[in-house]
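Student: One-letter residues, chain by chain:
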Amino acid sequence: MPLGRDEAKKTIERVLSLRKDGDLEVELLAQTSSHTRFARNEITTSGLVEDVTLSIVSRREGKSGDFSTNDLSDAGLRDAVARATALRDLMPVDPEWVDTLAPQTYPALQKYDARAEQARAAERASGVKAALTLAERRKLTAAGFYQNGAEWRSIGNSKGNFGHHVSTDVEFSVTMRTADGTGSGWASSRSQEFSEVDPKGMARRAADKGVESAKPREVPPGDYTVILEPEAVAALIQTLQFGVLSKRAADEGRSAFSKEGGGSRLGDKVAHESVTLRTDPSDARVPGLPWSPVGGFGGGVPSGLPNRAVAWIEKGVLKTLYADRYWAGKTGVEPTPFPASLVLEGGRQSIEDLIAGTDRGLLVTRFWYIRAVNPQTWQLTGLTRDGLFLIEKGKIAHPAVNLRFNESPLVMLQNIEGMTPAVPAGRMLVPAIRSRAFTFTSKSDAV
Amino acid sequence: MRGPSRREFLKSCGTSALALAAVEMIPGTFVTRRADAADLPADGLEGLGSVALERARSLGATYADIRINRYRTQTVLLRSTPDWTTGTINNVPSVVDEERFGFGVRVIHGGAWGFASSASVAKDSIARMTAEAVAIAKAHARLRREPVRLAKVSAAKDTYATPVEKDPFEVGVADKLALLQQTSDEVRKVAGVFSVSGLMEQHLEERFFMSTDGSVIRQRIVQVAPEYTATARDIKTRKSKTRTFRPDAVCGGYEFIERAGMVEGARRVGEEVVNHLKAPSVAPGPKDLVLLPTHLALTIHESIGHSTELDRAMGYEANFAGTSFLTTDKLGKFRVGSDIVNVFGDRILPQALSTCGYDDDGVKTKRFPILKGGIFVGYQTIREQAHWIGQEESMACCHADSYASVPFQRMPNVWLAAGEKTASLDDLVAGVDDGVLIDGRGSYSIDHQRYNFQFGGDAFWEIKSGKVGAMIADVAYQSRTPDFWQACDLLGDQSTWRNVGLNRDGKGEPGQINAMSHGCPASRFRRVNVIRTE
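Chains A and B, in that order, are what the protein sequence lines are.
Per our numbering, residue 1 is the first one in the first sequence, and the count goes up by one each step.
Per our numbering, residue 1 is the first one in the second sequence, and the count goes up by one each step.
Think of the hints as simulated: they come from the structure by calculation, not from any bench.
Here a beta-carbon is modelled for each residue, glycine too, at the ideal position from N, C-alpha and C.
There could be a bad hint or two in this list.
The following label-pair restraints were derived from C-beta to C-beta distances [unchecked claim]:
| hint | chain 1 | residue 1 | chain 2 | residue 2 | range |
| --- | --- | --- | --- | --- | --- |
| 1 | A | GLU123 | B | PRO147 | 37 to 43 angstroms |
| 2 | A | THR105 | B | ARG267 | 47 to 53 angstroms |
| 3 | B | ARG527 | A | GLU314 | 29 to 35 angstroms |
| 4 | A | PRO92 | B | SER50 | 45 to 51 angstroms |
| 5 | A | ASP6 | B | ARG268 | 36 to 42 angstroms |
| 6 | B | ARG268 | A | ILE396 | 52 to 58 angstroms |
| 7 | B | ARG335 | A | VAL211 | 32 to 38 angstroms |
From the structure, some residues in chain B lie toward chain A, with a derived Cβ separation under 10 angstroms [as the list claims (entries may be wrong)]:
| hint | residue |
| --- | --- |
| 8 | PRO93 |
| 9 | ILE136 |
| 10 | LEU150 |
| 11 | GLY322 |
| 12 | SER479 |
| 13 | TRP497 |
With a straight-line cut-off of 27 angstroms between C-alpha atoms, the simulated DSS-like cross-links for lysine-lysine are [as the list claims (entries may be wrong)]:
| hint | chain 1 | residue 1 | chain 2 | residue 2 |
| --- | --- | --- | --- | --- |
| 14 | A | LYS395 | A | LYS215 |
| 15 | A | LYS215 | A | LYS269 |
| 16 | A | LYS259 | B | LYS236 |
| 17 | A | LYS259 | A | LYS319 |
| 18 | B | LYS278 | A | LYS259 |
| 19 | A | LYS215 | B | LYS152 |
| 20 | A | LYS269 | B | LYS236 |
| 21 | A | LYS330 | B | LYS236 |
| 22 | B | LYS278 | A | LYS443 |
| 23 | A | LYS269 | B | LYS239 |
| 24 | A | LYS139 | B | LYS330 |
| 25 | B | LYS138 | B | LYS152 |
| 26 | B | LYS330 | A | LYS215 |
| 27 | B | LYS239 | A | LYS330 |
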């Protein structure tokens, strides 16, 4: 349900007018989203959702109460403010409480496309039909997901801060499986613009992968040079957002960026010199908000800090760690936005170059079910999926049976041998990477 | 869709314990809205529901249902950490309440599904969104290979409510924070504990369902889930370990939190996290495993629960969650486990998280066998799936996590029956020469056909010569689902059985969450590959 700047501001002002004492922080999120699913070469379920969420944090003298509703009627707003405030007054004082944000200046980000907001089932059906037609022609079985929609996001508070942002998002992903059940390929495309997402192209890529990956041969687990396609890289890098890039976790000795004996590894070389990892909300190719959507724990550290470009790792050196306003104040640094809108800068090689330069290695399409197993090394485990190929003497030799890995993305970033230019993948911008000595620990029979 | 709200974002931020869901409570004289205020309006729901059903019929739909639901969630948290500069303990509280109300209408038109939903619960928006659902079905009908066919269902006019002694939304925040504080203080009495984070989540769903099959069903589901985690760290070696106390999340009231032994277990949790930090790494290799229910529940969930979902087996989840090694040709024949392994799907088991009166297809819930004597005998199904395997009835596994979500097949409670012979935990351990005892959930990962998995745990003890020894660290085990379950040689008896709840299972596109319980006894598995994760 569209909620433009003026209407959103009016709604937030209605909330703020109900304040009796202390401060109110308000977030308003309206969404319209529609999707089509397909499987076994037919459409399965589809839906259209219009929804809204109003979150109110009532704050006063170290206490805060948080209540959220989807009732925007006058009675609903009155009730919500009263409940947030009643909660606040029941709370003990939060020793990590920080002041309500003063008015901020937010960057204007262009992330909207009208067709992405408004496209309905019939428009998606033509894209799905292209995929299903291709699947039937090539005797494959297709399953996939096509979604488009928009969100209208606003924040405001009783100190006069206000921000509004509209964004759209379109996603198409498809899996193509061979009739004998031994091959599976996958491809995905995501953009803020409807026309940028190409279902037919993705279907073709997934079909090619599916056919090429059929009748895989076993390769033994062990250390391999890997060429990770962008989706595989994104899946590893996104795990760094949650904890590893936290200054607090590092300072407190709980993360891979903690230093032995105390302190963090800020300033240390932690990756290959070709690695630069940054946040860039202004890049049109990645989703991004004008403000940081995350503050700190609970209502004590409100969100809303202006978003900006931040270099986390620059030329292999750890330059910045994420710090909310409380932790930044405690440790004498500037607060940073949350590490979203990630960009891992790439190189100049093509994926063909990376393959041609590999004597023996594995080409990985994507990973599945990644979980951390060790917070100190950030060792992860997970599995390859939808296309694993053995490379011998610079060429793809044959498809390989899937493998489980146990490896740290930090080790992968240290062992880089080459990169392609960065492209959109997994809601970030990342290259394909060749990295040596990537550890696989067991075989998976899954296709 | 894609853009999370702030609380959804927090939910996904690794602070997974902070299951920030939704709703209210507020106690005593401070009550601004009491629990009964969240009940669905007594009058008018059928009137609203009729708008959808009549509109759908008039537009040519052959089936329609509407769910008008209210959700309330309250999450109370307390984190106790030393201040960075002074070292004094900062007790940082947080309460997040949420209430949501809305409807979702589902139709079949031209043999295809359509669904639309809104938070605006009024006749005009219900009529408009019903037309949208029909338009979606029409647009997609030409891309169906065959029409959706629903298994028969008996029309029901009924109600169901989770038995609750003490409504969790009637208990004050101050009382809840006080319990978390007391727990934290008790854990911190153990030297070497760095921080403690506690949480209580309370969830209420008021569900109204009405369909063109003639059903009108109201349900009231209440769930509670408490837990706390202690952290110990060693700055010198930059190592840290955590230990979590997680009583069984249940369908039920606050009485379960009061009886969970939160404070009573606190010293042990503190001592175990400190011991875990000092513990030596496991020597890897094939070992016998004795798995406590708090750990085995998740192994059951991942390896048996997901592999016996019929939509997965048929390829309906191929693009995301994956398919299943348990294809339909294996039904009734394939040996998954040893002959002592009996597993049930169940939505009527008292206190289990998926238990309710009717599923979101309007089908009365039931219990059904999944593994019998180790043989795969039953899939989880919903109405549109039953005929895929020649069955007449659904197993009542249809669920949507919100009014705004499309109902589809979700995992019920899937539980492992206790052993028939008397066997205590000591009996399980006594037969082990070289093994590991594992408690609680650690990291877990399984492939997209549910063969190869790797599971960690929350705490580990060495077993040598039939006795439990000291704690060890950095343990995970890898196996293949049928190999693992066929290596099960002894199940604990009913005295070791616990009904362990999980409340964050993800599936589907767009993603939905689900809660269910996996009751099981302490169990023993022979010669499983143990790896060191250091």
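Student: For which of the previously enumerated hints does the structure constitute a violation, in increasing order of number?
Tutor: 1, 3, 5, 10, 13, 15, 19, 22
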